[in-house]
Amino acid sequence: MEFLANLINGMSLGSVYAIIALGYTMVYGIAKMLNFAHGDVIMVGAYICFCAVSYLGLPAIAGVALSVVGCTVLGIVVERLAYKPLRNAPSLNVLITAIGVSYFLQNAALLIMGSDPKSFSSVISLPALRLFDGALTISATAVLTILACVAIMVALTMFTGKTKMGKAMRACSEDRDAAQLMGINVNSTISMVFAIGSGLAAIAGVLMCLAYPTIMPTTGSMPGIKAFTAAVLGGIGSIPGAALGGILLGVIEIFARAYISTQLADAVVFGVLIVILLIRPAGLLGKPVHEKV
Amino acid sequence: MSKFTDFAQRRRESTKMVPVPSVSIMPERDLGKAPALECLHLGIDFGGLKAVDDFNITVGRTEICGLIGPNGAGKTTVFNLLTKVYAPTRGTIMVDGQDTAGLDPARVNRLGVARTFQNIRLFNTLTVEENVAVGLHNQHHCGMATSILRLPHHWKSEKLYHERALELLDIFDMAGLADHEAGSLPYGAQRRLEIVRALATNPKLLLLDEPAAGMNPSETAELMENIVKIRDRFQIAIMLIEHDMNLVMNICEGICVLNFGKIIAKGTPEEIQRNDAVIEAYLGKQKEVEA
Amino acid sequence: MGINMLKPQTRSTIITYAIVIVAFVAVTLLDAMGLISHSLSGQLVPICAYVSLAVSLNLVVGVSGELSLGHAGFMSVGAFTGVVVAGCLTRFGIESELVLFVLSAVVGAAAAGIIGFLVGIPVMRLRGDYLAIVTLAFGEIIKNLLNILYVGVDDAGLHFSMRDSGSLGMSQGTILINGPKGAVGIDKISTFALGIVLVLITVAVVLNLMHSRDGRAIMAVRDNRIAAESIGINVTKYRLMAFTVASALAGAAGVLYAMNYSTVVPSQFDFNQSILILVYVVLGGMGNISGSIVSAAFLTVLPEVLRPINQYRMLLYAIVLILVMVVPHLKVYQRAAESLRRRFRKDSPEPAVAAEGGEADE
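Chains as they are written, first to last, in my numbering: chain R, 1 to 293; chain Z, 1001 to 1291; chain C, 2001 to 2362.
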């Protein structure tokens, strides 16, 4: 029973990682950049939801909606102002810019919201589910998180596979110049990907704060790194890879915490990443790239 | 020794299985010596496609050999196999009598195979002289600690690299460009620098992938002279891929024609020019032309 | 003979050393005149440490061309090893601060170099972003392991534990490393002069390596791996060499850094620290050693200078960082820079390629 409870908790945490990792992987796929500020969008999303509910008195669902909209706009604005001018710059310059954006968001949040942690539990709280006569207790949050992740995955798969915009997105990931020659508006496609990724990050932020109900300006940074790890683990650029990597990472983390050592949980997670990359250097579902000679 | 007998035996066996085309293109002066290159039943599959299949060739120690064929025939793939950029699916490659099975590109180079690339691959941010000096890497050693501590051996080595690099650059009259950044050179000079860098590794076999691409007729004429000059001076074998038939027919002693990954003809330039299979590969069937 | 007569390589080497020495002389003079604020003089040793770290990371990122996100991990290995060495030597009666520092730095560098070599063996099989994430992972693993490491010394020698300080089994020894509480009771023996010496050594190692047979091989692999292989360069060996040397130098810088404080904790050496060092390198220019020196010093001082507007300083720092990266790529800026260049150098020919990295090259 304990094993099952851990598994569900792991999958729930993994679902959050997966949702964040989707944003990382989509942005990487299309813009070939590591968006280090992505983790901080989670934090912004969580704060928006928190403010909407506790200061404006809106219902929780409206808070979530507002936070998705807010982060989507944030994603588009950041892309336009900070990343777009660097479209053809060396990738490291883009990386440093993303780090700058990350510092900016963290410190702006620090100025506006203060450094003291805000308790998220006052915003949304869900009852726990008791199964097998109370032998197995699952938080409704965990179930909700997993369901949300599945729904997002299905929606994204349909979007990229079936819709015109989704196809444009895949075309841009494959070859940006060729896509442009085929009449695809590359700039608006990239904006769209940032918008989707940031919107997802907002959802992830709310979900994460349901499970770990405190928000600080640095809330997003560690989950951001873990999600980045998950995206690489699954094969960066691959959408199913991000989902697989995220869930795997969450499960490993919870199991390591339960059965090995709380302090070493992160070390175990990163250790697994290293081992997997040594066996499959392009991640679990990534395609190895061969250089043409 | 045993390796060599082994190989000779395998060759006899394999000749029985698949007849190697009868025309030998090795020049007489190289007969009786271990060839610079010997390939037997070399092949590679990409997925289900046999990109190169049953490639057999012998290149004499001082031979200039041309590898020609229509676009997509697999010529560059052959070079990539010879230098182990791709691992062959089948067959044997012998360089100077030594089997290259299991070696990586760096080791193959140390055995004596150097190459240039169709899409030029220079060390663009290094100077011309440094590019050649990197080529001299395995010709003279100087350890990391010696260099960091700037011991006398370091300075001696640097002097040696400098002198030797200039000497090699002089073949193409490029010594004056020594301090220029390689990436800033004009196209033709970049192609020449790639040849000098390959020569710096002291090869026994030099592979040139379209050395005359993008050159004008006078540059090509100069290049032809230089290729022969390099062979005479360094006494090495040169194998080249080239679409400029004037160059190929004039300086190659043996020519090997590739189509769809297979050798369709081997022989002297005169023989190749008269070969029906070659004409067909390049121009299509006679009937179709007439129709 | 003017400085312009020298080869560009020699000239940039001379300028690099000159920057360090002039900075040292200037700061020493200003300090003697009492013109250096207390908060700034407290930053002098960290500045030296960060300069060394930036220069050494530049060997990996700029010279070898591999993105490393775990440099702080090697810094911490050096720092904690140095603390242990200094603690032991003090216990066994060595009092000279110079001897203590030099031995700690040497052993710290060696330890970090060995760890760097061991980490590098698997890491160097990977490429690009995959390599970057694995260096990040190793950095975090090192931090995690240091978090549960307990080291103490008594007359019987060193004691290690991975559980808690109680299980070290000492009755009256000194605890040197105390798990998450980090290294405590460090003798503050780092000085600005020692820092400058370390910077000079770091610069010399990196520059001498760059301008040698092995350094050229490292740069050749960076510029074109396939071509480097084709001329017989053992690619893995040279990537590993750059990584190991940089790790060792980071270890020495870690010792300098740790010996400036009475306490250091493992969480100081996290991913953000690695990123901070990377920012110095990118801002200073890839492979540009003097650039790394200047940008590391400038960016370490910047938050101090901004202290009067304490609340907003990190926000401003972030904005500066973004602007420095973005502005050179704005069309408006490029046009303005182009017209300025024309005005000042009418007779010199236009460069074929506009400055690609946005920053000056060596």
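Bear in mind the hints are in silico, worked out from the structure with no lab data behind them. Hints may be right or wrong, so weigh each one.
[Stated by the list, open to error] Simulated pairs of lysine to aspartate or glutamate, DMTMM-like, Cα-Cα distance not exceeding 20 angstroms:
1. C:K2188 to C:E2097
2. R:K292 to Z:E1158
3. C:K2181 to C:D2155
4. R:K287 to Z:E1158
5. R:K292 to C:D2223
6. C:K2007 to Z:D1104
7. R:K292 to Z:E1210
8. Z:K1229 to Z:D1173
9. C:K2007 to Z:D1045
[To be verified] Residues from chain C shown here face chain Z by an in silico Cβ test under 8 angstroms; the list is partial:
10. V2085
11. T2174
12. R2216
13. I2226
14. A2227
15. E2229
16. S2230
17. I2233
18. A2336
19. E2338
20. S2339
21. R2342
For each residue, glycine too, the CB sits at the ideal point set by N, CA and C.
Check your understanding: Which numbered hints does this structure break?
Key -> 2, 3, 4, 6, 9, 10, 11, 18, 19, 20, 21
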